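Participant: Protein sequences appear in the order of chains R and V.
Quick note: the first sequence uses the numbering used here, first residue 1, plus one each step.
Quick note: the second sequence uses the numbering used here, first residue 1, plus one each step.
Please keep in mind that the hints were generated in silico from the structure rather than gathered at the bench.
On a predicted model such as this, the values are computed, not experimentally measured, just so you know.
Each residue gets a CB set at the ideal place from its N, CA and C atoms; glycine is no exception.
Keep in mind that a hint or two might mislead.
As the list claims (entries may be wrong) - Capping the alpha-carbon separation at 20 Å, the derived lysine-lysine pairs in PhoX-like fashion look like this:
no. : chain 1 : residue 1 : chain 2 : residue 2
1   : R       : Lys157    : R       : Lys85
2   : V       : Lys91     : R       : Lys53
3   : R       : Lys117    : R       : Lys53
4   : R       : Lys53     : V       : Lys30
Said to hold, decoys possible - Residues from chain V shown here face chain R by an in silico Cβ test under 10 Å; the list is partial:
no. : residue
5   : Ile75
6   : Leu83
7   : Ala84
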Amino acid sequence: MNSTVKQSEITTKYHLPGDLAIWVFIFAELLVFGIFFLSYAFSRAGNVELFNKYQQTLDTASGAINTLLLITSSYFVVRAVTAIKAGDAQRCVNWLAAAILGGGGFLVIKVMEFADKFSHGISLGTNTFYMFYLSMTFFHFMHVILGMIILAAVLIKARSGGYSAAEHTGVETGASYWHMVDLVWIVLFPLVYVIR
Amino acid sequence: MNNQTHVNRRLTWIWLALMAFTILTYAISKSEYSGTWIVVLLLVTVFIKGHWIIADFMELRHAGLLWRVLAHGWIILVSGGILAAYMMGLK
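Build out the structure end to end from the sequences listed, making use of the hints.
Facilitator: What follows is the structure, encoded as structure tokens:
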């Protein structure tokens, strides 16, 4: 009896949400983004004037709105997780749909930003600042798309009753990936759009 | 108040705080303020936001020490590196 209680306490105390494999993937992604961020920061240290000058051409409002969208979308995903933990699959589906919509809003704003830059003839080869800005934000953009695909797959399974209060590892797995996409952006936004 | 309501209420407060910090970051970007202390302030907000996302949204608060050290270590290393690079660029 006593050992059963202790075992359940241990299980409650240490719980890694989702599959172990997604966490290996998440930390590999964080490593890559971390290298990107530090490369940007140290390149900037050698070209401060250039980086400050061209940073001013970025639309900070778009970056801020996109941060709000991703944070809100992440909040919706965490509510989807708490809903399925309570056994409410329909509410889980609704929160996931709202989260995907938030991701969609992010993509629309980012496409508008990219379109504006491309219409001004800006490309990876324009200068070091734009090389970093375009490659880092596009790399992140692709992760938003992948995250939305994962959330959509989780939503479809949740809608068909594939998850329950007892078994919802898939929801946690998708959620963890989506939070990683958010976590990376909350560093990227101040780094590229704000710090000068 | 049952446990789920309590958890959801905490998550909602965290979401609102994350939004407020983002608006603060935007306000700083539109202000005349710049320099090392502003960068430190921005990176402190990055760390606090990152902590909430890691601990409460990702739910690593309940994961083993290794995962928490890795995640918080990432945000500390990246923020620290950004600050070091910023100071190198001041000259």
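Participant: Give a verdict on every hint.
Facilitator: Structure-based check of each hint:
1. R:Lys157 <-> R:Lys85: 15 Å, holds
2. V:Lys91 <-> R:Lys53: Given pair V:Lys91, R:Lys53 holds - Cα atoms ~18 Å apart, limit 20 Å.
3. R:Lys117 <-> R:Lys53: 15 Å, holds
4. R:Lys53 <-> V:Lys30: With Cα atoms ~15 Å apart, R:Lys53 and V:Lys30 stay inside 20 Å; holds.
5. Ile75: Nearest chain R Cβ about 7 Å off; hint holds.
6. Leu83: 9 Å, holds
7. Ala84: 8 Å, holds
The structure agrees with every numbered hint stated previously.
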